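Engineer: As given, the protein sequences belong to chains A, B and C, one line each in that order.
Our numbering puts the first residue of the first sequence at 1, with every later residue one more than the last.
Our numbering puts the first residue of the second sequence at 1, with every later residue one more than the last.
Our numbering puts the first residue of the third sequence at 1, with every later residue one more than the last.
Careful, some of the hints might be misleading.
[What the hints assert, rightly or not] Just the calculated beta-carbon pair ranges, DEER-fashion:
id, chain 1, residue 1, chain 2, residue 2, range
1, B, Asn66, C, Gly6, 33 to 39 Å
2, A, Ala31, C, Leu322, 44 to 50 Å
3, B, Gly39, C, Asp154, 40 to 46 Å
4, C, Gln160, B, Gly39, 23 to 29 Å
It is worth saying that the hints were derived from the structure and are not from the lab.
Because the structure is a prediction, the values reported are computed rather than measured.
Idealized CB from N, CA, C, for every residue including glycine.
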Amino acid sequence: MNRRRFGKTAVSTFALMMLGPRMAHAGSWEAILAEAKDQTVYWHAWGGDTKINDFIAFIGAEAQKRHGVTLEHVKLASTADAVARVRAERDAGQTSGGAVDLIWINGENFAAMKAQDLLFGPYAEGLPNWPLVDTKGKPATVTDFTLPTEGYESPWAMAQLVFEHDSATLPEPPRTLSALHDWIKANPGRFTYPQPPDYLGLTFLKQVLYGTLADPAVLQSPIDPASYEATIAPLWAFLDDIHPSLWREAKAFPENEPALGLLLADGEIGISFAFNPGRASAEIAAGTLPDTIQTFVLEGGTIGNASFVAIPFNAAHMAGAQVIANLILDPAIQAAAQDPATLGFQTVLNLDALTPEDRARFDALTLGPATLSPADLGPVLLEPHASWMVKIAEDWVQRYGVAK
Amino acid sequence: MTLCLTLKALQIDRAGTPLVRLSATVTPGEVLTVMGPSGSGKSTLLAALIGALPPGFAQSGEVFLNGRNITDLPTPQRRIGLLFQDDVLFPHLSVAQNLGFGLRPGGSRTERQDRIAEALDRMGLAGFGPRDPASLSGGQRARVALARTLLSEPLALLLDEPFSRLDQTLRAQIRDLVFAEARSLPVILVTHDPEDARAAGGPVVNPL
Amino acid sequence: MLAGLGLPIAAGLAGTLAPALSGHGFAALMDWPGLPRALALSLGTGLVSTLLALAITVLMIGALHDRPGFVAFRRMLSPLLALPHAAAALGLAFLVAPSGWIARLFSPWATGWDTAPDLLILNDPMGLALTLGLVAKEVPFLMLMALAILPQTDMARRGQIAASLGYGRVAGFVLSILPALYRGLRLPVFAVLAYGMTNVDMAMILGPNLPPSLAVQITDWMGDPSLQHVPTAAAGALVQLALVAAALALWLAAERILAPLIPALASHGYRAWGWDAPLAGLAGTWAGLIALGLGAGMAGLALWSFAGLWQFPDALPQSLTLQTWTKAAPDLAQQSLTTLMIALTASLGALALALAALEAEARSCRPIGAAWLIYLPLIMPQVAFLPGLQVLALYVGAKGSVATVIAAHLVFVLPYVWLSLAPAFRGWDGRIGLAAACMGTPPARIFWRLRLLMLAAPVLTALAVGSAVSVGQYLPTLMLGGGRVETLTTEAVALSSGGNRRLIGATALLQMALPALGFALALIVPRVIFRNRRAMLAERSAAR
Chain A
1 MNRRRFGKTA VSTFALMMLG PRMAHAGSWE AILAEAKDQT VYWHAWGGDT
51 KINDFIAFIG AEAQKRHGVT LEHVKLASTA DAVARVRAER DAGQTSGGAV
101 DLIWINGENF AAMKAQDLLF GPYAEGLPNW PLVDTKGKPA TVTDFTLPTE
151 GYESPWAMAQ LVFEHDSATL PEPPRTLSAL HDWIKANPGR FTYPQPPDYL
201 GLTFLKQVLY GTLADPAVLQ SPIDPASYEA TIAPLWAFLD DIHPSLWREA
251 KAFPENEPAL GLLLADGEIG ISFAFNPGRA SAEIAAGTLP DTIQTFVLEG
301 GTIGNASFVA IPFNAAHMAG AQVIANLILD PAIQAAAQDP ATLGFQTVLN
351 LDALTPEDRA RFDALTLGPA TLSPADLGPV LLEPHASWMV KIAEDWVQRY
401 GVAK
Chain B
1 MTLCLTLKAL QIDRAGTPLV RLSATVTPGE VLTVMGPSGS GKSTLLAALI
51 GALPPGFAQS GEVFLNGRNI TDLPTPQRRI GLLFQDDVLF PHLSVAQNLG
101 FGLRPGGSRT ERQDRIAEAL DRMGLAGFGP RDPASLSGGQ RARVALARTL
151 LSEPLALLLD EPFSRLDQTL RAQIRDLVFA EARSLPVILV THDPEDARAA
201 GGPVVNPL
Chain C
1 MLAGLGLPIA AGLAGTLAPA LSGHGFAALM DWPGLPRALA LSLGTGLVST
51 LLALAITVLM IGALHDRPGF VAFRRMLSPL LALPHAAAAL GLAFLVAPSG
101 WIARLFSPWA TGWDTAPDLL ILNDPMGLAL TLGLVAKEVP FLMLMALAIL
151 PQTDMARRGQ IAASLGYGRV AGFVLSILPA LYRGLRLPVF AVLAYGMTNV
201 DMAMILGPNL PPSLAVQITD WMGDPSLQHV PTAAAGALVQ LALVAAALAL
251 WLAAERILAP LIPALASHGY RAWGWDAPLA GLAGTWAGLI ALGLGAGMAG
301 LALWSFAGLW QFPDALPQSL TLQTWTKAAP DLAQQSLTTL MIALTASLGA
351 LALALAALEA EARSCRPIGA AWLIYLPLIM PQVAFLPGLQ VLALYVGAKG
401 SVATVIAAHL VFVLPYVWLS LAPAFRGWDG RIGLAAACMG TPPARIFWRL
451 RLLMLAAPVL TALAVGSAVS VGQYLPTLML GGGRVETLTT EAVALSSGGN
501 RRLIGATALL QMALPALGFA LALIVPRVIF RNRRAMLAER SAAR
């Protein structure tokens with residue numbers, strides 16, 4: 001499957017939506033709203049970031065106000081916990097009334113749940129706010145790691161890899177992969193990446209793949225076992241080269257994105273990265289990073305994708321969960337998420353499809369002190385096919401999983 | 001009904017070794033002294049009489065108290081008072097509370113308080129009610145223990161070397177007090193001290 | 001009654017381990033390049049930390065028990081014990097990291113560091129940081145257990161006799177008291193050993209990750225969404241179980257070899273006066289380091305909860321703010337309430353069970369059958385049977401609710417309540433009960449009016465220990481609560497994956513405050529009700 005094909009899928013899905021009888025939808029949506037009233041929706045979402053937690057609480061307040069739906073944020077250390085919960089319920093024969101109503105999900109967790117028929121749907125395309133989603137301009141809203149979402153999950157935020165540096169100590173950051181490579185070698189101990197299989201760590205490896213592979217287009221297809229070793233060799237060569245110059249000489253790695261961010265805040269490393277262009281600004285606003293922190297991207301683009309919400313097949317409050325999924329796509333909520341003072345998440349909506357009043361909400365947003373404008377963010381590189389991620393994660397553990 | 005404590009062919013063995021072979025009748029006011037070196041089964045006899053024989057002992061024979069067969073009764077229902085080597089006062093209760101614990105149930109609050117005060121008075125401990133037992137001397141503690149036991153109105157009294165921890169002058173004094181207070185009860189005294197046996201004045205037997 | 005406890009464990013174990021036998025779990029496990037190192041890490045950190053913790057505890061009691069500073073350390077024990085493992089690890093991590101508080105205090109004026117040095121202190125491949133963290137956390141636990149046992153060892157008199165025979169303080173202690181003390185301390189030591197080998201939360205924060213210890217890796221595999229690694233995890237859990245069994249066997253063998261040494265030494269008659277001063281110094285140093293490490297770690301976290309921007313190498317935050325607390329107050333209040341409710345119910349339930357079993361034992365004069373079952377949850381790796389238990393709970397229709405969580409906590413709280421209560425309960429002077437029975441007192445009255453009241457201090461301590469254990473439970477709360485039961489600990493661990501030191505500090509403080517309150521009550525209440533009873537207070541201070 002190549003990139004163009006995705007576009008097509010997205011376009012045809014969109015076209016289907018437009019053709020669909022919206023009045024009939026509206027009728028059934030009224031029924032869903034009525035059923036959802038007074039329901040309590042348990043949203044299982046990673047709870048490691050207070051800004052995100054606050055934002056989910058904000059959505060909960062709106063849901064209560066607008067639809068009489070109570071939202072409970074079940075804070076997870078790992079999304080896999082929610083997946084495991086649903087699986088345990090399925091194993092125990094609990095096909096309804098499950099504990100999980102809504103999951104913040106993407107990538108391998110989504111692929112796993114979809115493959116095991118653990119998801120309710122398709123539902124996303126039936127949401128009243130769906131037509132506002134920019135499926136055309138942001139194909140990542142309907143393809144999750146090259147896997148078509150087919151309406152089994154609904155997007156809520158766009159994410160793109162950006163690098164962070166302290167302009168006070170590093171005024172001119174390296175803007176290409178080879179420049180970054182040279183900077184790492186010249187500044188030993190001042191760079192690292194989260195330990196795979198952490199998501200952000202793998203994202204960094206994928207970024208390196210894009211910069212080192214002879215033909216990055218192969219990433220959009222499943223791995224070809226015959227040519228894999230030769231294809232991937234430049235990645236390992238790159239890592240072998242930089243590892244001795246990494247933080248702790250690559251004998252230890254941070255656990256995940258917040259842990260990496262903490263290293264930047266503690267001044268242990270000089271260049272960090274995050275899967276959220278607004279993270280640095282939001283941290284500066286929260287007073288946890290100095291205002292000299294700036295962000296930058298690599299020439300040629302960085303990896304980008306979308307975050308989604310999905311509903312388990314046995315959710316106890318499906319109606320309420322759909323109401324929440326729809327509410328998240330509401331322009332006012334999306335604008336609040338994009339506000340650097342709250343989250344700085346990029347919207348999944350097509351600004352051209354909005355009413356002038358809603359459009360104005362986005363236009364009124366100022367960029368945070370460290371956030372790049374959409375133009376400066378540069379091109380978005382699509383996530384490789386999930387098979388790459390799985391294989392690279394395994395191989396990384398084989399190659400580097402035992403410290404020398 | 002005969003007011004006495006009777007041991008009918010009481011026999012206790014452990015692992016096939018005989019420890020006690022005893023038949024006796026003790027009348028009120030009489031003191032039966034069981035003498036023997038330590039380890040000779042004196043304490044085993046007392047444990048059997050109050051019904052607290054640990055597992056591992058085999059007992060046969062019968063025990064009668066005032067004509068009632070008490071051989072298989074649980075300890076609290078036997079009404080046999082016991083004075084230990086140590087006073088074994090309850091450390092978390094005051095002197096008066098200790099006596100109140102011993103006093104049989106019934107009677108109004110003031111009646112009970114009067115009886116406690118009266119018992120303290122008899123022991124020469126008037127006004128000691130609110131005291132912490134830990135603040136008393138050895139002789140005072142022994143007297144509290146005696147008063148507590150008597151207030152529970154036992155029908156017989158067992159003495160497990162109750163004077164051995166006291167010094168010479170105190171020992172005679174407390175011994176006389178105990179025998180005087182217990183003169184209406186059948187008493188069994190277990191001791192290895194010939195002086196105690198002489199003072200008791202009753203028959204002296206060996207547990208075996 | 002207690003045998004019923006074995007059931008959930010057996011069922012959970014079966015449910016978890018079944019996949020190990022079906023899939024290619026063992027093959028995949030053998031294929032993992034990190035396996036030898038992970039096994040060595042589990043065994044090494046577990047054995048070394050247990051050995052050190054035991055040695056330090058014994059040394060401190062032997063060399064310092066009658067020194068003035070010991071009372072102060074005893075007082076500090078309870079809050080130290082109340083500290084949940086994850087919070088302790090986070091506090092220590094911030095203290096000793098290259099960008100941590102110690103480095104900040106001495107930078108740049110003494111060290112010349114303007115940016116944090118690139119030193120591998122945390123997550124070192126040998127697991128030294130993890131080992132020291134475990135030692136710091138387990139010494140207070142072993143100490144509390146030892147202090148519960150000491151009154152039964154007739155310590156004061158034996159010590160005096162040894163001293164009057166011319167023995168040094170430590171030598172006299174080792175020769176005359178240690179054997180009895182160790183007999184009572186064995187089970188807690190086994191629990192410490194098993195915990196050291198299988199813990200997840202401390203190992204994730206302080207331990208190596210290339211590779212991580214086996215328990216952490218199993219947890220990772222269990223959490224794999226693709227299900228691909230579940231058989232590997234199950235196989236790993238089985239290996240982990242075998243490893244713990246092997247370590248215990250090793251320990252028992254060492255006991256056998258070392259036990260005859262003490263009588264042998266005693267017959268030599270070495271008085272060893274000269275050892276007292278250096279050993280006291282060593283013990284004092286360790287005690288100071290542990291108290292300082294945990295204390296300063298907590299102080300650091302507390303400071304973070306009020307910190308604005310706080311960059312390296314500033315020794316203190318640039319600004320202080322109440323923002324973290326005010327923003328989190330509603331959540332924290334709710335979580336504190338849930339935590340407290342669960343802790344109280346679970347530990348009261350465990351206390352009732354333990355008292356019932358012990359009283360039944362006392363009345364029948366027969367030791368409890370299958371008492372070892374109580375300790376099973378201490379020695380079994382939690383990752384090995386919790387996933388199975390979760391499925392079991394769902395089968396019997398127990399939805400994720402506070403009640404299910406309390407039931408699960410009970411399984412883990414009971415052994416600790418038992419450990420801290422049983423020695424005192426069994427050590428109660430039986431003649432008191434006999435004296436009362438001879439006065440016609442029925443057994444129930446003896447239990448309530450005499451035994452329970454006289455044991456008020458150990459009973460309250462057991463309750464506090466139980467609450468502390470309940471407060472610290474992470475995996476059982478998460479898995480059996482269906483994620484819906486939010487306690488301070490689920491919150492703290494979720495946060496710890498996010499690295500927000502400010503909120504972690506606030507949560508950890510509350511996490512510690514709840515059990516600390518329990519310990520304070522356990523200390524104060526007996527002192528108040530027995531203020532005029534010298535023997536009751538003396539009994540408590542006999543161990544001092």
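Engineer: Run every hint past the structure and note whether it holds.
Structural biologist: Each hint tested on the structure:
1. B:Asn66 / C:Gly6: 33 to 39 Å: Cβ of Asn66 (chain B) to Cβ of Gly6 (chain C): about 50 Å, so the range 33 to 39 Å is violated.
2. A:Ala31 / C:Leu322: 44 to 50 Å: holds (46 Å)
3. B:Gly39 / C:Asp154: 40 to 46 Å: Since the Cβ atoms of Gly39 (chain B) and Asp154 (chain C) sit about 21 Å apart, the hinted range of 40 to 46 Å is violated.
4. C:Gln160 / B:Gly39: 23 to 29 Å: holds (27 Å)
Taken one by one, the earlier hints fail for this structure at numbers 1 and 3, listed in ascending order.
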